[in-house]
Amino acid sequence: MVASIYNWLDERLGLAEIIAFAQHKTVPTHKHSFWYYWGGISLFLFLIQVFTGILLLVYYRPGAEAFESVRQITYVMHFGWLIRSAHSWSANLFIFSIIVHMFSVYFMKAYRKPREIGWFTGIALLFLGALFGFSGYLLPMDELSYFATKVGLQIPASLPFLGPFTATILRGGPDVSEFTVQRFFALHVVVLPLLFLPLLGLHLYLVQKHGNALPPSELAKPASARKSIPFFPNFFQKDLAMWLISLNVLALLASVYPWDLGKQADALSPAPAGIHPEWYFMAPFHMLKILGNWLPGATGEVVGILLFTVGLALWVVIPLYDGENKAGSRGRIAHYFGLFAVTALLVTTALGYWGIR
Amino acid sequence: MNYPFWEVPFLGSSSVIAIIAIFHVMISQFAVGGGLWLPMAERKALKEGRTDWMAQLKSHSRFFLLITGVFGTVSGVGIWFAIGLTQPEATSTLIHNFVFGWAMEWVFFLIELTTIAVYYYTWNRIPAKLHLAIGWLYAGSSLFTLIIINGILTFMLTPGDTWLGVAGTGAEASKFWNAFFNPTYWPSLLMRTLVCISLAGVWALVTGSRIDSDKQPALKASYLRWTTRWLVPSFVLMPLSLLWYLLMVPASQRALLTLGISTIGSGTFSQVTRLALVMIITSATIIVVTYYLAYKNPKDFTLAHASAIVILALMATGTGEQAREMLRKPYVIGRHMYSNGLRVSEVAGRNQNGYLEHSLWLNQTTSAHWAQGEAMYRGQCGACHTLTGYRALNKLLANRDRQSVGSLLTMLHEYKADLAYRKFMPPLTGTNEEIEALGDYLYAQASPNAPKATPVSAPVLKAEK
Chain A
1 MVASIYNWLD ERLGLAEIIA FAQHKTVPTH KHSFWYYWGG ISLFLFLIQV FTGILLLVYY
61 RPGAEAFESV RQITYVMHFG WLIRSAHSWS ANLFIFSIIV HMFSVYFMKA YRKPREIGWF
121 TGIALLFLGA LFGFSGYLLP MDELSYFATK VGLQIPASLP FLGPFTATIL RGGPDVSEFT
181 VQRFFALHVV VLPLLFLPLL GLHLYLVQKH GNALPPSELA KPASARKSIP FFPNFFQKDL
241 AMWLISLNVL ALLASVYPWD LGKQADALSP APAGIHPEWY FMAPFHMLKI LGNWLPGATG
301 EVVGILLFTV GLALWVVIPL YDGENKAGSR GRIAHYFGLF AVTALLVTTA LGYWGIR
Chain B
358 MNYPFWEVPF LGSSSVIAII AIFHVMISQF AVGGGLWLPM AERKALKEGR TDWMAQLKSH
418 SRFFLLITGV FGTVSGVGIW FAIGLTQPEA TSTLIHNFVF GWAMEWVFFL IELTTIAVYY
478 YTWNRIPAKL HLAIGWLYAG SSLFTLIIIN GILTFMLTPG DTWLGVAGTG AEASKFWNAF
538 FNPTYWPSLL MRTLVCISLA GVWALVTGSR IDSDKQPALK ASYLRWTTRW LVPSFVLMPL
598 SLLWYLLMVP ASQRALLTLG ISTIGSGTFS QVTRLALVMI ITSATIIVVT YYLAYKNPKD
658 FTLAHASAIV ILALMATGTG EQAREMLRKP YVIGRHMYSN GLRVSEVAGR NQNGYLEHSL
718 WLNQTTSAHW AQGEAMYRGQ CGACHTLTGY RALNKLLANR DRQSVGSLLT MLHEYKADLA
778 YRKFMPPLTG TNEEIEALGD YLYAQASPNA PKATPVSAPV LKAEK
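Those sequence lines, one after another, are chains A and B.
Heads up: the first sequence begins at 1 in the numbering used here, then just goes up one per residue.
Heads up: the second sequence begins at 358 in the numbering used here, then just goes up one per residue.
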């Protein structure tokens, strides 16, 4: 029965060729192989996002009824709380896993020739992922999401020239309101997926084309001393095992620590104490805060945004600076730059949370 | 008797116990299962003349000695500190009721510690048969530590009618064996033994992952495959033992779980049901993942894979232990002592004479009314709640006005038979004045507009003449 179904499909789709190709394809194994799984984990979490997002879409109503519809999803619909909780937790785990993936790619020098475009598309995907997070955070329109978005939109608003205009366009008016929810919703379910999906396709194609990069320690070895395993079934089985483990972590978080829904947002009420952005925006938020304290007036924010933008730009163009597969001062400088970035992000995030404890 | 309260801000004292206990259980159950694993593996190696296995077992026994002898021991002492501070009355009951049990436990514990040290340091120094005998001695003594502690742990969930019949009379210790072999003793022993065997396999995967696939492929494959089989008994028997265990839990305490199961269709199952489901899912995942990663692909099995499996085991242990703890609600010792340390028999007296009647620990730097409220919170809520962190009262009461806070406290004080909170919360005891003070104190925590404490100067203590 199974064989006949397989033969039927094989005749039409050429499954045997795909399997033969997957068996022919290999994945390197070495002491840093663990980091290869993070791209797959990110993809898996994205698929969960899509699945749970579609289910939420069935009942969510943007605009003036946003809060009420999320309240119904959470407290009235069967399993609504679980789907919403899984969506929110997987969004955070998704951002976390792509950050881990990005740093592992960076420190394994997997951005070097010929993988530069893979790096650029990956950074763009992380940027879009953060935008997914920012736009999705407002959608429940509870007190916390309302005020956090208000604070978050102050960052683009403080930029010179185009800043206030951009912020007004995003808000749909002078302040965060139901129009902002409508815009963020369109961004979240239409605009961002339209940008994300083709970019993801290109990224995956490039990973497939160039294969997994070897870290410098492995490249230094003669080719005969390097080890690899077939992608199918060996690496594929392991990848699935890692997906299953990720699913377990998600199940634990989503069911035992269900995502909270606060009070309905009220623009006239004072902002609750300790309002802060999501953890992945905490570092830039706190950097701006530090500079705002050091420098007078709006100068601090502008200098902070400029510094952060320059740092980000340097991070993005690193393959253009350290693109050759050879040891040298450029590689070392890039490595120290990476260490500095990790430390700065961790320290400012920790200080940010310490400040609002 | 009133003890000073151990207030842990944000985390809560019960979370401190939970964190230490989950860590400890992961290791102590490895100590028992791993104790059986070592001599069985050594016997197999001797029987088959596998010298490569012997070298690997020596390396594994060093890992075992370090993990169980250092982290297991330290975390065990940590539990004593934490439970003594958080639940002094319950700890006192356990000590007084099980003096002989604790004595036996520590004797076996000492044998355990000694034999594992001798076992490790005598590899290749004494005859193989004698070495193996020491391994078996360790296995026996560690199994006895489980046999004893299981009686005390299960007592806390189901002390049994016989012991409850003498509770409070001063003759509790006379029913030692009834309390020890209580209704959930045997199913729990079976369940914990299965978990111990699984954890022996899970931890052995860690040392197995360190074997060099290029230099010793046959050793790595045989070692990992043999180890993976240690997960099978648990996979087969765990569902049955879990059912047996739940059947022995009194229906009143099973209520939260049954409520959760009956509402699965509408997706609103209770916390304890969620925990139980996560435990089952995670345990099944461990089997599947271990089969694919270690059994099918032993050559490529790395420390990262083994660590991922240990994390899954930690999740399964954590959720399982938390589910068991929640099943005990609203008691810390089933039907005898509530989770805030108040005996069931003391409730009427506290309502009549006041909860704070004997309290020596009132805050002297604020008004008496505020100090009363604070002491009531610490004594009756603080064992499970915090003000701003875990199970935060400022959040749980955030949308209530003063009158609504008062109504909730009255409901908890009256503790009527149909009260939903009865399934997991103890009654609120005290006089009307004390409950009023608690209401003001809690309202002040939850509402930014509520009146706050009025500081007064602390009285200067004078030396008695």
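Keep in mind that the hints were calculated from the coordinates and are not lab data.
Values in this document were obtained by computation on a predicted structure and should not be read as measured data.
Don't be surprised by glycine CBs; every beta carbon is placed ideally from N, CA and C.
Treat each hint with caution, since some may be false.
Covered stretches of chain B, going by a simulated chain A footprint (3 or more residues, C-beta under 8 angstroms) [said to hold, decoys possible]:
id : region
1  : 389 to 396
2  : 635 to 643
3  : 661 to 672
Below, in silico cross-link-like pairs of lysine to any residue (SDA-like), each with a Cα-Cα straight-line distance of 20 angstroms or less [stated by the list, open to error]:
id : chain 1 : residue 1 : chain 2 : residue 2
4  : A       : K263      : B       : A803
5  : A       : K209      : A       : Y6
6  : A       : K263      : B       : K656
7  : B       : K656      : A       : S228
8  : B       : K572      : A       : A225
9  : B       : K656      : A       : N234
10 : A       : K150      : A       : A271
11 : A       : K227      : A       : L244
12 : B       : K656      : A       : L240
13 : B       : K686      : A       : D239
14 : A       : K263      : B       : A749
15 : B       : K656      : A       : Q23
16 : A       : K227      : B       : K653
17 : A       : K221      : B       : K752
18 : B       : K656      : A       : Q208
19 : A       : K150      : A       : F285
20 : A       : K227      : B       : A575
21 : B       : K656      : A       : F236
22 : A       : K227      : B       : K686
23 : B       : K415      : B       : L576
24 : A       : K25       : A       : F285
25 : B       : K752      : A       : S269
26 : B       : K653      : A       : W279
27 : A       : K150      : A       : W279
28 : A       : K263      : B       : A575
Take a quick look at whether K227 (chain A) and K653 (chain B) sit within 20 angstroms of each other, Cα to Cα. holds, 18 angstroms
Taking only the CA atoms, is the gap from K686 (chain B) to D239 (chain A) under or equal to 20 angstroms? Roughly 40 angstroms separates the two Cα atoms, so the pair is violated.
Holds or violated: are the alpha carbons of K263 (chain A) and A749 (chain B) at most 20 angstroms from each other? This hinted pair holds, its Cα atoms lying about 16 angstroms apart.
Does the structure keep K227 (chain A) and A575 (chain B) at a Cα separation of 20 angstroms or less? Judged against 20 angstroms, a Cα distance of about 18 angstroms means the pair holds.
Would the hint linking K572 (chain B) and A225 (chain A) be met if the CA-CA limit is 20 angstroms? Within the cut-off at roughly 13 angstroms; holds.
Taken at face value, is the distance from the CA of S269 (chain A) to the CA of K752 (chain B) at most 20 angstroms? holds, 17 angstroms
Check whether the Cα positions of K227 (chain A) and K686 (chain B) lie no farther apart than 20 angstroms. Status violated; Cα separation ~54 angstroms.
Would the hint linking K150 (chain A) and W279 (chain A) be met if the CA-CA limit is 20 angstroms? holds, 16 angstroms
Would you check the hint for K227 (chain A) and L244 (chain A), treating anything up to 20 angstroms between C-alpha atoms as holding? violated, 26 angstroms
How about the region 389 to 396 of chain B: do at least three of its residues have a C-beta closer than 8 angstroms to a C-beta of chain A? Violated - the region 389 to 396 of chain B has 0 residues with a Cβ nearer than 8 angstroms to chain A, which falls short of three.
Could you grab the alpha-carbon distance between K656 (chain B) and Q208 (chain A) and see if it respects the 20 angstroms cut-off? violated, 25 angstroms
Is the straight-line distance between the alpha-carbon of K263 (chain A) and that of A575 (chain B) 20 angstroms or less? Distance ~61 angstroms between K263 (chain A) and A575 (chain B) Cα, so the pair is violated.
Violated hints for the displayed structure, listed by number in ascending order: 1, 5, 6, 11, 13, 17, 18, 22, 24, 26, 28.
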